[in-house]
Structures are given as C-alpha cells and as structure tokens.
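Using the hints, build the complex out of the two chains.
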Amino acid sequence: MVEKKSPKGLFPAIWDFFASVQLAIVTLCTISVVSIFGTIIPQNEAPEWYIKKFGPQVARFFDLFHLEDLYGSLWFKALLALLSANLIICSIDRLPRIWKQITADNLATPPKRLMAMKRNASWTVSGDPMAVTEKISGLLAKMGWKIQSRQTEDGTLLCSQKGAWTRLGVFMVHGSILVILVGAIIGSVLGFKGNVSIVEGESTNKVRINDTGNFLDLGFTVRCDGFSIDYYSNGMPKEYRSNLTVLENKRQILHKIIKVNTPLTYKGVTFYQSSYQAYNDFILSITNQETGKEKIFMAPYQKPLEWQKEGLRFGVINEDSAGEKVKRIKIWLSDASGTPSVLWLDTNGKATVKRGGKQYLILGQQLYATGLQVAKDPGVWWVYIGCALLLLGLFVSFFTSHRRVWLLLSVKGKKTSIYMAGSANKNKVGFDKIFSALSEKLKAAMDNQHTVS
Amino acid sequence: MTSSDLLGITTFTYLFSTLLYVGLFVFKAKRLGKFATGFTLLAFIIHTIGIGLRWHESYQMGIGHAPLTNMYESVVFFAWAIIAFYLIIEWRFKLRIIGVFAVPFAFLAMAYASFSSDVTQGISPLVPALQSNWLIAHVITCFIGYSAFTIAAGLGLMYLIKNTQEGKGSSDTLIGSLPPLRQIEDITHKTMMFGFIWLTAGIITGAVWANTAWGTYWSWDPKETWSLITWFIYAITLHARYTRGWGGKRVAWLAIIGFVSVIFTYYGVNFILSGLHSYGSI
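In the order they appear, the protein sequences are chains A and B.
With our numbering as the guide, the letters of the first sequence map in order to residues 1 to 453.
With our numbering as the guide, the letters of the second sequence map in order to residues 1 to 282.
You may find that some hints are simply not true.
[What the hints assert, rightly or not] One-sided excerpt, in silico: chain A residues whose CB lies under 8 Å from chain B:
1) Leu23
2) Ala24
3) Ile25
4) Cys29
5) Ser32
6) Ser35
7) Thr39
8) Leu190
9) Lys193
10) Tyr232
11) Glu239
12) Thr270
13) Gln373
14) Val380
15) Cys387
16) Leu390
[Said to hold, decoys possible] Heads up, simulated DSS-like pairs for lysine-lysine below, C-alpha to C-alpha not over 27 Å straight-line:
17) Lys28/B - Lys428/A
18) Lys303/A - Lys330/A
19) Lys162/A - Lys354/A
20) Lys433/A - Lys94/B
21) Lys118/A - Lys146/A
22) Lys112/A - Lys412/A
23) Lys249/B - Lys426/A
24) Lys267/A - Lys293/A
25) Lys350/A - Lys293/A
26) Lys428/A - Lys142/A
27) Lys354/A - Lys330/A
28) Lys303/A - Lys325/A
29) Lys426/A - Lys94/B
30) Lys118/A - Lys94/B
31) Lys428/A - Lys249/B
32) Lys327/A - Lys295/A
33) Lys162/A - Lys433/A
34) Lys325/A - Lys259/A
35) Lys327/A - Lys354/A
36) Lys250/A - Lys295/A
37) Lys441/A - Lys94/B
I should point out that these hints are in silico values taken from the structure, not numbers from a laboratory.
Note that CB positions come from ideal geometry on N, CA and C, so glycine has one too.
So that you can see chain B by itself, here it is in the shape it has in the complex (with noise of 0.2 Å):
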C-alpha cells in the first residue's frame, strides 16, 4: 500500500461522505447521522496515514520532508484540514447539518489533486529556497486559516439559503430544517475569527521566511499582495458588525467573497499571475 493508494481511497470515502451528509439532508435521515460522523472520521483517518506515508516515503527516496510542498501536498493538506476543522465544528455545536456544506469541499479537492493533468503527484526533492523549517510553519498556518475560511464561505452559504425562506415560518420544509439565521450568522462569525487569526499567522510566518531567504520580509510579489487583500476582506468583514446596516446577509456575501479571493491567492495567482511564490504550481 503506497501513499497514493490511500489518499486515492481517501478521495472515493469523502465521496460517500457527501452522499450521507446530503441524504441526511435531504431525506432527514436522522440515523445516517452517527453514521456519517463516524465514517467521516474513518476516511480522516485514511488521509492521515495517507499524509504519513507519504512523508515517510519521501524519506526512504533519501530526499526527507514533509509533504506540504508543492500543488498536490498542498490540496491534500488542504482537504485534511478542511475535515479536521469541519469535524471540530460539528462536535462543537453539534451541528451535523454543516457537513452538506462543508466535505463537499474536502471532496472536490482530493478530486481534483487526484484527476487533474494540471497537477503532479510525484515526490520531488525541495529546491534550496524551500529547506526551511518555516515551510511547514508557513503552509500549516495558511491552512487552517484556508479550511476555517472554507467552512466559513458553506456557512455563508447556508445563510443565503435559509434566509430566502425566512419569513415563511414553516419548518417542515427542506430549507427549514437548517439552523436558525442567528445561529449559522454565530458561527460563521466565530469561524471567520478563527480563520483570520490563522491567515494572519500565516503571512507572518512568509514574511519572517522570506526575510531569512532573501532579505526583504515584504515585496508585493503577487502573492503577497493577494493574502493581504484576502486580509483585508476578512478585516473589513470583521468591522462589519460594528456599522449600522450591515447584517446577515452581507456578511454571508463577504464569507462566500472572502473564500473566492482565498482560492485566488492560493491557487489563481501560482497558475495566472507570476512571481516569487512559483513553487506551488510545480
């Protein structure tokens, strides 16, 4: 069994994920529900010794390091953490409704680092600019902010949709099952908090790398500037509760706004825009 063959095993288990989290959904399924946790937890599982080995694989080829670093580790770190923060939420707040909104994520990844051309999966030594012990600083914060803000934007989601019901009272509807407004605003707000502090860690930590690699902590390269516009996205996000006529809704826009100027900065700018930050794309 090589890391591959679990994190291709872990691709099809977050599919099946998908399918019992929206059939909880969709046909109120109520005792998928421990079902789908549980299996949820399994594929996690797989996709951690799938990281694993692959970080242990990368060590029997004599080039040792972790695997969060180029395109492929990263989307498969991307989708672990996706799940891991997704799982802390629904013990949290006990909300199995979220997982509609936020493993579909976690799946379209895996998906896409497992079939896209664009992406290669084999391990490849680390060029000298990456032997750091900030990358693994650098990519973990980034990506837990990454997930938080992911989750964040399905909640955002999941407001909208709720909210073109609101008013109409009837609970036994599909769109009336979901949590209250107040409710999912909470914890998209938390989410947001979270996820902010995260990414803000996370362009510290580039900065501080970038000073000891080439002197500057700061550049304006692409993807500098595009973290920091996604900052302030979730800054202004964050001062929007403090302004009169921002509500619900906006901020639901914002999460979802937020998420898309995230995947830019990771993904958009490595393939669209040029700079510095070209390790990601190899």
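The following block holds chain A by itself, in its conformation from the complex (with noise of 0.2 Å):
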C-alpha cells in the first residue's frame, strides 16, 4: 500500500533526503542547540566589548563563526534555508499522494478492505436494498453524512466522507511557516529599522539605520511639538508621550500624540515612542498679561536672556532636580526698575511676577528629546498572514480528520443484509464512538421500520 514514490531525477536519493522527516528533525535539533549559545553570549555589542570581556583568543573565535551576530549570520541563515527547503520538497513530495486520498473514489474501494477494517458492524433488515438504500441515505444526510451509492457485483454500495479537505492541514502548517519566512525576507529587503532623536520644537527628515548607522531620507519631515513623562505617586514612569507632526512640502499632513504601543504610521513607515533624553535646557513662556504678547524662549541653564521690546532680561539661575527630571527651577527677572525678582517655578508649572505696574505670566518647562524607533516593513503582513494559517494549520492538524463510512447492502433472500465499516485518518478513539452510535442509530431505526412494515 505504501508506494515508494521519487520523481525521476539524476538525484533520487537527494530528493528523498530532503524530503525525509529524519532531515526536519535534525535540522530543528541543530537550529535549537546552535540558537542556544546566541542566547548566553551577549550580541551585536561593539568588537573590543567582546576582547574585554572574553580575552582576544575567546573574542577571535566569536569573529571567526560570527557569534556576536549569530542570528545575523550566513550559516545560521544557510540553517533556516535547508528547513525551508526540507520544507518545501517534503511537501511536494507528499502532497500527490495525500491528494489522491481526498479525490479517491471511495466507492471503488474494493470489498476486500472493507472487510478488513477494525470498525464494522453487520445485521439484516426486512426489504429490498433499493428501499434500504433510500431510507439509510435519508437517515444519514439528517445526521450531516451525504450518501453517494452505486450498484457493484457485491450489492449496493453506499459510501460517506466528511472532513477529506482536513488531509491538507500539514500542509497549511508547512506553508504558513514558509509564508511567515517570505515576510521576513520581505522586510528586511524591502524594508529598513532606524532611530532618531528629535528635540522638542525640531523638526528632522532623515533616520539613522540601525545596523549600517547611515541616513535614509524619508522624503517628508517629523516634528516634535512635545515630549512629557507622566509618573505614578510611587515615581515609576506611567506614560511617555510625543507630539508628533508630520509635514510635505511645509505643509501639515498629519498629527497624533504617540505613545509607547501606539505609533505613528505615514507612508508605510512608523514611528514608536521608545527613548528620550532629558535637556538641561528650559523652555519659558512669558507673557505680559496687561498686553497680552507672550514669547516663547529657550532658556539653557544658567545663561542671561532678554526680551528687548518689553525691557525685561531674566534667566534660570538655580534648579532641583531628582535624577535627570528637574523639578522646580529659580528664575531670575529683572527690568530697568527696582530690584529683580527671584522665584521658584514648578516644571510644567506657571508664576507671576509683578513689575511696576506691569504684571507677567511665566511659564516654564523642561526641554527634551524624543526618542522614537523608526520602521518600515512591508512584510509584516505576510509574516501576520502567515501566523494565522498557521493556528488554523495547527487546529485542522490536530483536532480534525477525516472520516468515512460505507454500507455494503445485499440481497439475502427476502431480506437485505447491512455490512457497515468506517476509517478515520486521526483520533481513531474518537472516531470508534462515533461509528458505533452511528451504527446503533441506524440499527434502531431500521427495526422500527421492521416492525412497522
């Protein structure tokens, strides 16, 4: 029954290597073991981080089989390509085969095998196979099994099958695996991860690549209107968020506040929140609230600045902060008149100051930059698709077969003798409870017809 079936080939025995679960199950083996060590040796870290911390010989050795980028590397790559090919020409190795299976003709199954099979069940009822026939298909299609018959030199032959598509779920396991790899390679062709860092008020065009550290264009600019961190009462950090502008040609296009797990995405490429620095620098806001005129000054540590038009020079003289995130600072203003004012501003928050007659509204923030990954990946969506033909594989695989049932009706006599068998490709034990209430249903109501007729 199990024919040996290699396409004529120079490489028959090539072929079946390929082919052969042994070949998957070394290779899973070895991509397992080999993945280990990129887990315990630190990667992509700098060439003398690795002669510091392992001596030159260690560091050499790392160099030499590429281990400080081992999933980066061409033989690790050369591993995933041998499982894709395995893969590949294990499935269609099979899939002939496992085709003719589905599309067999189940009615020409020869009696012979129905013999033979495990599950079986025989008895006799009154009436012509012809009658029987009608009434076992009109019993059968109400429990969801369509019957196909045909006349043979053994007796009528009925046959039912539920589930022959289910024999393609290793394939869609298979393949999926093969879709989610397309999607990677997808992304890392066609696609690129960068960074950059954009501080508050600027604007940028370009990214830096993550692996080459060169810059790319993105043919339209980001700008950082804002970058605040919000904390809980325990000082843990509860929210970074940027606001994020995206311009063309000067024009604004798009605008959204992101946060970690909600980015930004423009023409294929996105933006995540995922660093910031902090500035010793201050960003003032005074305005003079008789006139109501307000300018907006960068105001680094330290350093005199002044407002000509209302007469007025002032400073950061002073600040407390806890770590980088500077909590109040000490502001120095003064004009032609008096003694200057010093008082303490609260970061994000607002002071007046009285001057003569004059009275000013200051507000004062702390300048940062935002951090935000840079991706783009036109692939994600094959590697997503390829997920979910996966799960659905995996399912279809195991918890799904393929069943059927014949019915071998023949004359005896007056009478018409059943012989009913059924095969299952998985979960036999499953399958065994279902034939056997299939055959006592229809036992059942076959002698209530018995009795009626």
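And the structure:
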C-alpha cells in the first residue's frame, strides 16, 4: 500500500533526503542547539567589548563563527534555508499522494478492504436493497452524512465522508512557516529599521539606520511639538508621550500623539516611542498680562536672556532636580527699575511676577528630545497572514480528521443484509465512538421500520 | 479578606489536594477519589476568587490592571491554569491517577510564589510598555500552553514509571495500577498537541505586541529565542511518531525535556539571561 515515489531525476537519493522527516528533526535540533549560544553570548556588541569581556582569543573565535551576530550570520541563515528546503520538498513529495486520498473514489474501494476494516458492524433488515438504500440515505443525511451510492458486483455500495480536505492541514502548517519566512525576507530587503532623536520644537527628515549607521531620507518631515512623561505616585514612569506632526512640502499632513504601544504610521513608515533625553535647558513662555503679548524662549541653564521689546532680562539661575528630571527652577527676572525678582517655578507650572505696574505670567518646562524607533516593514502582513494560517493549520491537523463510512447492502432472500465499515485518519479513539453511535442509530431506526411494515 | 490571604489559603489547599491524590494512589483508597476532586475544585474556586480579588484591589489602588504582570502574578496564574487544565483532563478521561502527577506542580508553583524571597507580592502599576491589550492575550495563551506542557511532563513521568514494570504483568503493585502505556501515550500526545497550539498563539501574540510597541515582531532576544527552542522541541516531539524507532519512551522523555525548556523560557531567562523581556523578574 505504501508506495515509494520519487520523481525521475538524477538525484532521487538527494530528493528523498530533503523530503525526510529525519532531516526535519535533525535541522530543528541543530537550530535549537545553535540558538542557545546566541542567548548566552550577548549579541551585537562592539568588537572591543568582546575582547575586554572574553579575552582576545575567545573574541577571535566568536568572530570566526559570527557568534557575536549569530542570528544574522550566513550559516544561521543557511540552516533556516535548509529547513525551508526540507519543508518545500517534503510537501511536494507528499502532496500528490494526499491529493489522491482526498479525491479518491470511495465507491471504488474493494470489498476486501472494507471487510478488513477494524470498525465494522453488520445486521439484516427486511426490504429490498433499493428501499433500504433510500431509508439509510435519508437517515444519514439527517445526521450530516451525505451519501453516494453505486451498484457493484457485491451489492449496493454506499459511502459517505466528512472532512476529506482536513488532510491538507499539514500542508497549511508547513506552508504557513514558509509564508512567515517570505514575510521576513520581504521586510529585510524592502524595509528598514532605524532611529531618530528629535528635540522638542525641532524637526527632521532623516533617520539613522540601525545596522549601518547611515542616514536615510524619509521624503517627508517629522516635527516633535512636545514630549512629556507622567509618573505614578511611587515615581515609576506611567506614560511617555510625544506630540508629532508630519509635514510634506511644508504643509502639515498629519498630527498624532504617540505613546509606547500607540505608534504613528505615515507612508508605510512607523514611528515608535522608544526613549527620550532630558536636557538642562528650559522652555520659558512669558506673557505680559496687560497687553497679552507672549514670547517663548529657549533658556539654557544659567544663561542670561533678554526680551528687548518689554525691556526684560531674565534667566534660570538654579534648579532642583531628581536624577535627570528637574522638579523646579529658580528664575531671575529684572527690568530697568527696582530690585530683580527671584522665584521658584515648578516645571510644567506657572507663576506671575509683578514688575512696577506690569504683570507677567511665566510658564516653565524642561527641554526634552524624544527618541523614536522608525521602521518600515512591508513584509509584516505576510508574517501575520502566515501566523493566522499556522494557527488554523495546526487546529485542522490536530483536531479534525477525514472520516469515512461505507455500507454494503446485499440481497439475502427477501431481506437485505447490511455490512457497515468506517475509517478515520486521525483520532481513531474518537471515531470509534462516532462509528458505534452511528451504527446503533441506524440499527434502531431500521428495527422500527421492520415493526411498521 | 485580601487576595493574599486567599492565595495563601490556596497554597495549603493544594498541598492537601496533593496528599489526597497521593493517598488515593498509594493506598488505593478509591473512596477518596470524589473527595480529592471535590476538594481540588474547592481550592480552585478559592484560587479564582483570589485572582479576581487581586484584580479588583489593583483598581481600588487606582492602578487597575489584570493580575498577569509580574513574576508573582504569573506564577499564581500558572498554578491556576495547571489546575484548570488538570480538572478538564480528569473529567474528560476519567483518570484521577493523573492528579498525582499534576496537582503537585500547582502546589509547588503556589508555594514558590508565596514563600520565595525572589518574588515580590505587591501590586505595582504598569510601566508604559506593558500597557496594552496584547498583554492579557499574550500571557493567557502562553500559560494555557505551559499548563498543558506541565501535565504532559507529568504524564511522561508516569509513562516512564509504568514502563519499568512493563512485561512483569502484575496489576496488584502500585505501578501496575497506573493506566496502560498506550493510554498514557495517547493522552500525552493529545496534551502536547493542545499545548503546542497555545504556545504558538502565545509566541504570535508576543510578536504582534512587540511589533506595536517597538516596531519589530522578532528580535532574537533570549526570551523569544528560548520560546522558539521550546516550540522546536515540541515540533520534534510531534513529528517523532512519524519516525521509526521513536516509541513511547523517547516521547515521554521529550515531554519532560520540553517542560524543562518551558520552565527555562519562563523562569530561567528572566533570572539568568538578560533581554527585553525583563518585566517578569520585577
């Protein structure tokens, strides 16, 4: 029954090798063992780091086998390619045979094979095979089994099957892994991963590519209108937030507040909140409350500034900080008359200063730069589709099966003798129950018919 | 009554459950059976209420989130998933004996969570990266898988114990009272298939989450790599039955090796290796 089929080629042995389950097992074992090294040896550090940490000889050994960038190395990719080749060739090797089983003419199954099946039942009912066929077809159809029938030398053969297509589950699983790998290749060829740091109020149209360190022109501009951090009462960070605007030809196209887990996407390029940098500079906004005139100043720490039109001189002369976060700043402010004003201002807070007859409102903020991961990955949908297909395929392969039942009806005097057999390609224990329930139901229903007639 | 009280009680009830199942096995005290199941179910209900209460408490603290975010919470949930899965298996296959090889894992997990000094029990707020709905999907899928693999390992152990007696024929002995090898193998295989789907879903939800948070669905950090290694081990195990000479004994060993890999992925990586996935060690 198991026929060994190899395509006629020059290398049938090689073909069989690539189609074998053994190769799959060996490849998976190898990838697993090799991968462990990459989890123990820190990856992608600078060459000097390895020399310092492990000594020059070990570092040279790492370099030789690319152990410092194991998953990006050519030989690791070769292992993945071997796994892919195995998946492809084993599928090509097995698909025709499975396809034959799916499309097989079940009514052509020789009675000998039916007689040899482990799951079987037989009984006798009154009535001729024609009437019995009709009755059984009706009963089985009600239970969701569609019947086909054919006259054979041995009598009327009925057959019904469910889930023939589920034999394709394994190909869905193997195919889905290939789809995921294709997605990964598309991403690495056509996409990029980069990062950029933008100071509040500034903008950029270039990002630094992570791998090469080169700059890439985005073709549009991103501006950071603001960055802020919220903290929980225990001091843990609660939220990092960047206020971003996308500009193209100096026109504002898109505006979004991004957070960790809520990125911004424009033209296939996505910006992720990933880090920040706090500066020892401050953004001061001063408003003359009489005239309503407002001006925003960038105030470096301890550097005097001037608002000439108002005749104001001012600066940040002291600060009260916890780590990199400045909690409040001391502002010195003077005009031509009287003693200068000195006041503490909470960052993100406001204060008013009276100078003679005038009153000024001052707002102070610490200056930040937002750090963004920038990624373009046109392969990601392939990966996601592959993942969905993988889950579906696993479900089909594990929990569904191809189930078949046959009934052979033959004339026995005035009665009809029924032989019933069944088979399933998976979950045989489960099918045993289905089969016996089915045959019992049929028997019971036919007995009723017997008493009625 | 706080959630810590309830979860503390749970630890002891699982100890008692373990003793009941062991008693059932060792003394063949069949009458204990229903009591063991009933008691475990009761413990499970207390456990569930404990987790629910902790969830509620986090909202009262104003930092509401599902109790699935640090080592303590995940170990508690792991134990919960083990018992949930075990009770389903017991009901489905009518085999209480599996309890001897399953319930102790839940007890050990709870005991570790309750008494180890490595684990902080406090409810802490979520750092920005964890504030995502993918968190719940990721943790739940992973731990359903882990719990199935835990029970598969218990069954693997049972298989190996039973295997030592094979051929000796006596069913009077302690080991003889274990289910037949073929049945153990069948349940192990089904359990691993079930776990494999959920592990797959766990890896996928993790990848999707990583992509929304960092823009990379796969970065080969140690946690990801170890989850893939674990996935490979079970993939190998599930293929083994299509290979000649890979009988029940090897598969039983693979179920145990797979479980060791699960534990390393879950626990070892956080404490021994470093990576993106450091939240679990908080």
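- Run the structure past the numbered hints and jot down the numbers of the failing ones, going up. 1, 8, 17, 19, 24
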